[in-house]
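Asks: In case you want the letters, here they are:
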Amino acid sequence: MSKVLEASRAGALSAPAHRPFRFGRLGAFMERESVFSWLMLTPPMLFLLAFLGYPFIYGVYLSFFHKEVARAASFVGFGNFVKLYNDPIFWQAVRNTIIFTGVATILKASGGLAMALVMNQSFKMKSVTRAALLLPFIVPTVLSTVAWQWILDPGMGLFNRLLVVSGLATTGPSWLGNPTMAMISIIMVNTWRGLPFFGISILAGLQTIPVDLHESATIDGAGTWGRFRYVTLPSLMPVILIVTTFSIVITFFDFQLVYVLTGGGPANSTHLMATYAYSLSMGAGQMGLGSAVALSMVPVLGLLLVALTFFVRKD
Amino acid sequence: MAKPAPSKATRRDFLKYAAAGAAGVAAGPWVSRNAQAKPVSITFARESAYVKNFDDHFQKVMAPAYEKATGIKIEYQIQAAGGSAPVQLVSMVENKSGADLAWVQQEWLYRDALVDVSDIAEAVGKEQGGWYDEIKRLSIDKGKWKSVPMGNIGQLMVYRKDWFDEVGVKKFPETWDEFLEAGIKLKAKGHPFGMSMGHGFADNYSWLYPLLWSYGVTVMDKDGKKVALDTNETAKAVDFVRKLYKEACIEDCVGWLDPANNKAFLTSQISCTNNAYSIMVSAKRDLPEMGKVIEHGLNPKGPNGQRYHALVQVTHGVFAYSKDPQAAKDFLRWIMDPKQFRPWIASGDMYFAPYLHGFDKAPEWDIEPRVKPFQKVLETGKLTSWPAPANRQHGEVVNRWIVIDMFTKACTGTPTKAAIAEAVGQLKTIYG
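Line order of the protein sequences matches chains Z and G. The numbering of the first sequence is the working numbering, which starts it at 1 and goes up by one. The numbering of the second sequence is the working numbering, which starts it at 1 and goes up by one.
Heads up, some of the hints might be wrong.
[Stated by the list, open to error] Below 20 Å or equal to it, Euclidean Cα-Cα: the simulated DMTMM-like pairs (lysine to aspartate or glutamate) are:
| no. | chain 1 | residue 1 | chain 2 | residue 2 |
| --- | --- | --- | --- | --- |
| 1 | G | Lys222 | G | Glu134 |
| 2 | G | Lys417 | Z | Asp87 |
| 3 | G | Lys428 | Z | Asp87 |
| 4 | G | Lys417 | G | Glu134 |
| 5 | Z | Lys83 | G | Glu422 |
[Stated by the list, open to error] Chain G regions said to be covered by chain Z (calculated; three or more residues, Cβ under 8 Å):
| no. | stretch |
| --- | --- |
| 6 | 149-161 |
| 7 | 272-281 |
| 8 | 324-333 |
[Stated by the list, open to error] Here are a few chain Z residues that sit away from chain G, every Cβ distance over 10 Å (derived from the structure):
| no. | residue |
| --- | --- |
| 9 | Phe51 |
| 10 | Phe56 |
| 11 | Val76 |
| 12 | Lys83 |
| 13 | Pro88 |
| 14 | Met119 |
| 15 | Leu168 |
| 16 | Ile200 |
| 17 | Gln286 |
| 18 | Ala307 |
These are computed hints drawn from the structure, not numbers from a lab. It should be emphasised that the depicted structure is a prediction, and the values quoted were computed from it without experimental measurement. Glycine is no exception: its CB is placed at the ideal position from the N, C-alpha and C atoms.
With these hints in hand, go ahead and build the complete structure from the sequences.
Replies: Set out below in structure tokens:
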């Protein structure tokens with residue numbers, strides 16, 4: 001046995017090898033897990049405070065003031081909210097936001113589930129197809145929305161050309177000119193854009209379901225629908241719920257898509273709360289009123305976050 | 001084979017060299033005047049012009065000339081065209097940073113952040129034939145000029161002469177009824193009108209407000225105290241627009257944003273729209289065959305026998321928060337000096353028509369006969385607030401599309417009375 005090994009067994013070498021590197025008291029302080037975690041969290045927290053916290057607090061402040069561009073603010077209490085309560089366009093924007101968010105989320109969740117089930121199968125070009133399906137999600141919103149403007153053009157857009165060429169119609173619909181069609185169009189574009197987020201997330205969930213669960217169900221006599229109903233869907237529910245909650249938040253605050261496609265028109269039929277807040281504050285210069293619209297969205301966001309936290313904890 | 005659009009290189013070159021020479025000489029007095037404590041640079045924010053030469057002339061001729069003469073560098077901040085400039089200006093004003101002076105297309109929004117420029121405006125008016133009266137109602141607030149008017153982006157009926165000829169309409173309609181009649185014929189031939197009514201800027205109000213006025217209706221009374229929209233004439237105007245939309249227009253024009261009518265016209269989907277002459281500029285450049293058959297017509301007359309146009313005004317204001325407002329004012333005075341201003345305006349082929357009578361007979365109006373009708377816009381042009389003051393409430397009405405949506409709602413199914421009542425309710429809330 002070597003001298004080194006002997007020394008090691010005797011414990012002579014072990015102490016220096018296992019002793020952590022210390023800077024005296026500071027080192028000990030740093031070793032406390034909570035302190036270290038907080039130190040690591042500080043930069044992003046400061047970032048969030050500066051870029052989200054301050055604007056949010058300023059927005060709350062503004063919503064209680066009559067504030068016009070280039071003018072001093074004067075306190076009006078709940079005056080802006082009373083004004084909004086009596087504003088038919090505000091209520092139209094609320095209604096539109098709920099319809100837009102609800103329908104688009106249902107479409108994205110169901111479509112995403114279907115997409116994930118297909119993507120979970122084995123077929124040729126599977127990886128290429130998966131990558132292609134992610135495309136809507138990675139193209140910047142403004143760019144893809146401008147492309148959609150062209151696609152939805154009634155005279156020379158792709159959709160109507162396809163309808164005419166295939167003989168299904170002599171002229172296609174006015175996608176953005178008719179109030180009902182305009183709402184359908186913005187929901188369609190939002191769904192197109194958000195579908196991959198659902199698809200990929202649910203696909204990840206699908207791949208965590210143990211194969212033997214399906215095998216057991218098959219042995220017990222379950223068919224394709226039975227396995228989906230009693231094995232796949234219950235296993236996926238946590239993922240679906242989380243992704244849906246995220247999606248509701250994102251869809252609720254969607255702004256770019258509607259701003260670029262319709263500007264809230266025709267006749268406010270596609271005005272969402274986000275676009276209305278923007279047009280009031282940045283267009284009409286009514287910063288206080290615009291902030292009040294934005295703040296009206298917060299309780300909904302709060303409820304959604306509570307729901308999200310609840311589901312995550314339950315999972 | 002299509003002939004290319006005639007080149008203006010020689011004229012432009014001449015203007016460029018003449019302006020550069022003149023600019024150097026003209027800046028002389030500024031050197032001595034600002035010998036002490038000159039700022040290093042001045043930031044000038046403007047929305048990008050549709051006529052590229054206009055921006056080029058400023059950047060290549062004027063800014064270097066000013067820098068050479070005064071040592072002050074001009075930072076020319078070009079903002080994206082199509083409605084984003086006001087948003088950037090709101091941000092600048094609220095943050096008190098960004099530009100020393102800017103084009104302020106909706107002056108009423110920023111008026112309180114601008115310094116008094118009466119000395120410049122009065123001197124410019126005196127020197128260049130006097131200001132058009134209507135623009136004074138915008139730039140003069142409580143007896144002081146808060147911005148110096150720069151020019152009007154004229155809006156007229158832009159139409160395809162060849163298609164109008166095809167249906168036997170040899171002369172552009174004089175009245176709205178004749179306009180509708182022509183539109184019905186053209187739509188039957190597959191060439192509908194495309195009259196913007198969406199949430200864009202200018203292309204919508206530049207025909208809807210004049211139409212309303214020509215029916216003898218104004219939105220507010222002269223003092224801006226009483227809503228004047230709730231009349232039988234308004235109902236007639238709304239009914240007319242609904243009929244025009246159903247029988248003569250392309251369906252999606254009620255949802256159009258700013259560039260949509262340019263796109264529809266240039267892709268041969270529509271035969272007529274209300275626009276600046278940017279459509280003709282693009283066609284002459286990219287679609288020379290179409291460029292030959294585009295004409296401009298004045299807005300038709302209404303039942304009251306009058307013809308109106310809406311001003312799309314551009315003014316220049318100096319921000320009070322600027323580190324050196326006096327230096328920015330000196331620069332503004334310099335660009336409005338005829339030695340700089342006239343070649344600058346000429347470089348844009350009168351896309352920006354100055355509100356100065358000194359330009360009424362300017363030779364630049366004769367460069368392209370099809371541009372000349374835009375001069376008439378100045379003669380019959382009104383601010384959208386007319387006859388009420390152009391103030392913040394009026395700005396809110398315009399920027400929230402209250403009047404535009406009244407027409408759009410009627411076109412998309414709301415009964416006339418309900419559409420008017422909703423607009424009147426909004427107006428009363430805004431004006432208090």
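Asks: Hint by hint, where does the structure go against what was stated? Just the numbers, ascending.
Replies: When the structure is compared with the hints, numbers 4, 6, 7, 8, 12, 13 and 17 turn out to be violated.
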